[in-house]
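Visitor: Order-wise, the sequence lines are chains A and D.
Sequential numbering from 662 applies to the first sequence in my numbering.
Sequential numbering from 9 applies to the second sequence in my numbering.
The hints are simulated quantities; they were obtained by calculation from the structure and are not laboratory data.
Every residue gets a Cβ at the ideal spot worked out from N, C-alpha and C, and that includes glycine.
Careful: at least some of the hints might be erroneous.
Unchecked claim - Simulated crosslink set (BS3-like; lysine-lysine; CA at most 25 Å straight-line):
id	chain 1	residue 1	chain 2	residue 2
1	D	K181	D	K271
2	A	K1053	A	K1042
3	A	K937	D	K29
4	D	K33	A	K937
5	A	K1053	A	K1110
6	A	K1042	A	K967
Stated by the list, open to error - So these bits of chain D aren't anywhere near chain A, every CB distance computed over 12 Å:
id	residue
7	S73
8	T88
9	L203
10	D252
11	Y305
12	K311
To be verified - Only some residues are given here: those of chain D computed to face chain A with a beta carbon under 7 Å:
id	residue
13	L24
14	V27
15	T32
16	P37
17	T38
18	I43
19	E172
20	R176
21	L209
22	Q210
23	D329
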Amino acid sequence: MTVGSLFFFIFSLCSLALYSFAKNNRSEISLSIINLIFVAIVFGSIENFIPIVSFSILGYTSILIVRKYKNYLFFIAVLLINITYFIIIKKYTIVSGVEIFGFIYSTIGLSYLLFRSIHLIIDVRESVDDEIPTISQYINYQFFFLSFISGPILRYQEYNDNVRDASRTIDRVEINAAFERIILGLIKVFIVAVVAHEITVGLPVSFLGDKTMLVGFRAAPDFINLFFTSVETNEPIIRIAFRYLWHSFAFLVFLYFNFSGYMDIVIGVGRLFGFKISENFNHPFLAYNFIDFWARWHITLSSWFKTYLFNPLLKESALKFGRGKASTYIAVPALFITFLVMGIWHGTTPAYFIYGLLLGGGIALNMLYQLLAKQFFGRKKYKIFSQNTLYKNICRALMVSFFALSLSCLWLDIAQLSSFVKMFGILGIMKLWLIATIATFICFVFWEKATDIFARISPFLMGALFISGFIYLLIFWGGIANINFDETVAFLESFVSAVGVVLIVFSWSILYHCQTNGIRFFTIPLWLQLLLFSIARMMNAGAVPEFIYKGF
Amino acid sequence: MLVLFQNLFTRGFDLLVNVLKIATKITLPTILTYIGLIGVSFYFYPSQTSTYLDSTWAFDSYLVSRPAYITYSAHSIDTTRPAVVLIGASNTGVGFRPPELSKHLSGASFSDLWLGSARVNDYAAAIDLVYAGTPKDQRSNLVFVTGLAAGQTLRYPYRSVIIEQMERFGLFKQVGGVYKYSVNSTLFDISLLLLRPFFLLQSGLSNLKPFVGNRNTAVAELYKSEKPFTCLKTNYGFDEYHLDEYSRSQFDALLNLADHIKKYGGTLVLVDMPQPECFYQQSKLFKYYQNYKKPFYKSAISKGAVYLNFQDISSNRYFRDQTHVNAIGAAVISKKLADNLAPIINRLNGKP
Chain A
662 MTVGSLFFFI FSLCSLALYS FAKNNRSEIS LSIINLIFVA IVFGSIENFI
712 PIVSFSILGY TSILIVRKYK NYLFFIAVLL INITYFIIIK KYTIVSGVEI
762 FGFIYSTIGL SYLLFRSIHL IIDVRESVDD EIPTISQYIN YQFFFLSFIS
812 GPILRYQEYN DNVRDASRTI DRVEINAAFE RIILGLIKVF IVAVVAHEIT
862 VGLPVSFLGD KTMLVGFRAA PDFINLFFTS VETNEPIIRI AFRYLWHSFA
912 FLVFLYFNFS GYMDIVIGVG RLFGFKISEN FNHPFLAYNF IDFWARWHIT
962 LSSWFKTYLF NPLLKESALK FGRGKASTYI AVPALFITFL VMGIWHGTTP
1012 AYFIYGLLLG GGIALNMLYQ LLAKQFFGRK KYKIFSQNTL YKNICRALMV
1062 SFFALSLSCL WLDIAQLSSF VKMFGILGIM KLWLIATIAT FICFVFWEKA
1112 TDIFARISPF LMGALFISGF IYLLIFWGGI ANINFDETVA FLESFVSAVG
1162 VVLIVFSWSI LYHCQTNGIR FFTIPLWLQL LLFSIARMMN AGAVPEFIYK
1212 GF
Chain D
9 MLVLFQNLFT RGFDLLVNVL KIATKITLPT ILTYIGLIGV SFYFYPSQTS
59 TYLDSTWAFD SYLVSRPAYI TYSAHSIDTT RPAVVLIGAS NTGVGFRPPE
109 LSKHLSGASF SDLWLGSARV NDYAAAIDLV YAGTPKDQRS NLVFVTGLAA
159 GQTLRYPYRS VIIEQMERFG LFKQVGGVYK YSVNSTLFDI SLLLLRPFFL
209 LQSGLSNLKP FVGNRNTAVA ELYKSEKPFT CLKTNYGFDE YHLDEYSRSQ
259 FDALLNLADH IKKYGGTLVL VDMPQPECFY QQSKLFKYYQ NYKKPFYKSA
309 ISKGAVYLNF QDISSNRYFR DQTHVNAIGA AVISKKLADN LAPIINRLNG
359 KP
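Pulled out of the complex, with its shape left as it was, chain D reads as follows:
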């Protein structure tokens, strides 16, 4: 023991001290640069304080992509009162607009978790995050609205990067097939603070602001456009490749989602999204969808989901293409959704 102590105070720690000195010399500039990047990220993007989300404007935040915006902000939705969460592909995001909905329906907050993906499993992951960030006694206040349509829902099972975003920094874990936060809310907020440089790099390296300076105008244009849709002269494509397999996996995932929401508390509203009349008439895919969807929606209703059919809105003047409504159409279907949600929101608010 005495020998050990002698060594400790004479020459024993020389090697360790030297190694630590050089390790510090290497890591200190790394850490300081990183801290500098955190400072820069605050300069460009202050913290978000809103109690609802609108992923249409994700590009204006430091969480530059919609999946990142949802992944790292889903916990900030105010669920102390009824909270309508719109989730789905671009047709949902472009069609149902929180400002329009708020105009027609008070007593609820409206959050738009438009993912940019048509894969139902991706919706489920985002919904998991909302649940994980919501206290158990407030979960019944959640109303998830998702729009489905012939086209993307059936044919494009490509995933968004939401699951990759979740797997990236170890802040989420999957337990029994459900995504949860792997740290408590304080640690989560601290982690987000520390991770800001990563998002800043994402933002800076993309073709969006701030470094390159090209503000993304595509979303704004998409929102404003009132131009009516012109029917295509040829038939709409119908690619049968893996169609049945993709459709089945999508609808099975939808039924699982209905089960999940029933179990965790909350309401799932399925909206059969409108599409232009020429698409109804010409598309083989649309006919396939009409036949295919019936048993699945029936099962979903039996699992507590609410089914709304908006396919009676089909005039070409409401559409900008075969799946997305234009600004006029958005106002119409947002109003219609608000009217249909009113009884649910009233019930949640304890009103007759």
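For reference, chain A alone in the conformation it holds in the complex:
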């Protein structure tokens, strides 16, 4: 069952029916039934489900052990057993020879189960009252149908409060807001992310010797064509360089809208039940540095790592190295390790180790720069300097382009990554980053200016742009403009195809700008949004990609 599918909404409606007439003290039973049915549909067979069940049993046993034996060694051993078992059943390449189950099974939601298990184990050990969830509470928490597949990573207390406090008399404003959120999520997942995904699919990048990619642009002068040359063969690689950059940014857009749209749907459906599910995204592209960015992107994951890895690391380091002047720098390696682990968590192959190195390196260098700059300029001067709009946009462009290029580890395998490094060399990669930064900077500056201007022109303009974006998509997806992705897709075609979603996203930016600046605006009625969405969705013949975080 895909979140956002018609089947999911029918399931949610039936669940709501069941949940709404169960008495408060029976809500846990009705929730158990809902979660059980959901999991049964997701896994399809008992065999498929066995590894996940075994992991959950291990989790609960661990909680019982930790409650009984508060010994530090016991605690570490329990954690290690859980992590090792996770690595084995998740089939990380480092344990490729180890096979526990002799059949094919699914690991959907496994990574999120690990987070929740570790969170409970640590919290139970640190709690004074030794209170632990009952088995049914534990099962409901681990298999909560709205967060099981791809999060958000709810803390147990938060989940428990949600269930306990779920209001049965939700007012109409709240229900309307829930539907608004669901429709926003549907547009993000099934329209914006799909176009971005089509661009990545239609503009494939290969570093494994496809000769047709190792050429320059026919019409471009030599100095442009020779800006990028292969370190190995000295051939011009400008075409593949630009393909790579365009693909990288399309992937970033796909990732963001796919995941944040999923969250919008989940949060919206949760609101109908009376649950206040944690936000996972908060306009991450408004951040000016990595520390702020990670407080806005996949918030529950970052927060989990902050609580259970970064803070203990910092505490241990502070104890070891003291609280002298140098102690402020202790956060740098702690951040590096935290994000290295977070990167590795994302996947089972060595490419994810590189992803972790890049995430860790990015945020650690960012932190180091901030500390040094504060030391060099003094706190006050640095604060004034860092408020400068030009400076902020440069920082933002550097950060977003770095992140977009780092994401290559999610769509290139290790062989491709190795060829990429050999082909471009370190200097070539720095050039790629520079071009990406300049392009991102220009886009941000224009986007911000345009948003401000358009927001003030007319309160109706936002709606007009939103509708125009959809009409453009109808033309594009209906094949009326004869823009079809094919094996021969060109840059121009992919740019042209992106126009529709740019208009839609731009209209959202204007809406946000109006809301935050108190500018008058008119929103499109939900029924019209639903109509435009339905028609645009039907016009598209392509497949909708799976939720990208489902596999994690």
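Using the hints, position chain D against chain A.
Guide: Just chain D now, kept in the frame of chain A:
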């Protein structure tokens, strides 16, 4: 149980009722608008009742593009008697004209499934649809005629949007490499009724009628033109980029098609389309095509296909450009095709 019932009739369903009320408030205008659009689509375009297709005039129907016209109408061909189905790129559509063919050959219906694509796999998809809409006992009545030529057939494997059209609404499925209808004919007709607003939007948003009001005159002009072709002074281009790869994939697909038609019943007629004499003399591509085609056509004939060579018609006065005949040429080659089809149609009608 009693508690559940108590809740059911007191306050238990409050939340669900509220949610449903608001959901209705959102979806009802959406549905009503949609129903309104269905009404509008009937106002602009009544239902089609013809038993043959002529995709040249697709722009006059609510299925505004040729691939959509074929995709959603292919089942309406009358196959109770011999049915000649012309399928191919623009040279086939412009060259073989159903009214001309009907004039010279009675006892068969003529449908033009000109796709606007030169990719043989696209023809195969359209042919699948014709088969899927034809009862098994009538399939032998089908005669598929396709025109091939140096140029588009070899160099332009770009697909039409027919496959996208098929994948769009879930009305078709691919089983064992063959496209079929995924619903029965009644449901298919109901679905088409419900989908009318989509086609209306396509039509309305394109630069054709009705909303913009620009009737597409290009097709009519193309049909009427009698202007003779003037040879180019320079040599015709010969782009070798992927030529062999494209040619092979096209001809392999053609052989598969011949196999497919033999298996399903029906006749495949391959026509080597005429081209102007200066093209014969100057084009390297034409020479490449002459050498390349022989073994493939031989194989196709062994698979039951009928091969007709119309390349003896080469006077420039019959052409409007290097691949398309003009109105005079169309009359000539339509007559020639009718003459060649006569024995096949007579055989199907049980005549000697």
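Visitor: Verify the proposed pairing of K1042 of chain A with K967 of chain A, using a straight-line Cα cut of 25 Å.
Guide: violated (29 Å)
Visitor: Quick check on the hint: L24 of chain D CB to chain A CB, less than 7 Å?
Guide: holds (5 Å)
Visitor: Is the hint on T32 of chain D kept, meaning its closest Cβ partner in chain A is under 7 Å away?
Guide: For T32 of chain D, the interface hint is violated, since the closest Cβ of chain A sits about 10 Å away, which is over 7 Å.
Visitor: Please verify whether K937 of chain A and K29 of chain D have alpha carbons no more than 25 Å apart.
Guide: holds (21 Å)
Visitor: Would the least Cβ to Cβ distance between S73 of chain D and chain A come out above 12 Å?
Guide: violated (7 Å)
Visitor: Closer than 7 Å between Cβ atoms is the bar; does P37 of chain D clear it against chain A? Give me holds or violated.
Guide: holds (4 Å)
Visitor: Go through the hint on V27 of chain D and say holds or violated, using the shortest Cβ distance to chain A against 7 Å.
Guide: Hint holds; V27 of chain D Cβ to chain A Cβ min 5 Å, cut 7 Å.
Visitor: Regarding the pair K1053 of chain A and K1042 of chain A, is the alpha-carbon distance no greater than 25 Å?
Guide: holds (15 Å)
Visitor: Are all C-beta atoms of chain A more than 12 Å from that of D252 of chain D?
Guide: D252 of chain D clear of chain A: closest Cβ-Cβ about 15 Å, beyond 12 Å.
Visitor: Are K181 of chain D and K271 of chain D close enough, with their CA atoms no more than 25 Å apart?
Guide: holds (20 Å)
Visitor: Does E172 of chain D meet its interface restraint, that is, does its C-beta lie within less than 7 Å of any C-beta in chain A?
Guide: At 4 Å from the nearest chain A Cβ, E172 of chain D passes the 7 Å test, so the hint holds.
Visitor: With a cut-off of 7 Å, does the beta carbon of T38 of chain D approach a beta carbon of chain A closely enough for the hint to hold?
Guide: holds (4 Å)
Taken one by one, the earlier hints fail for this structure at numbers 6, 7, 9, 15, 18, 23, listed in ascending order.
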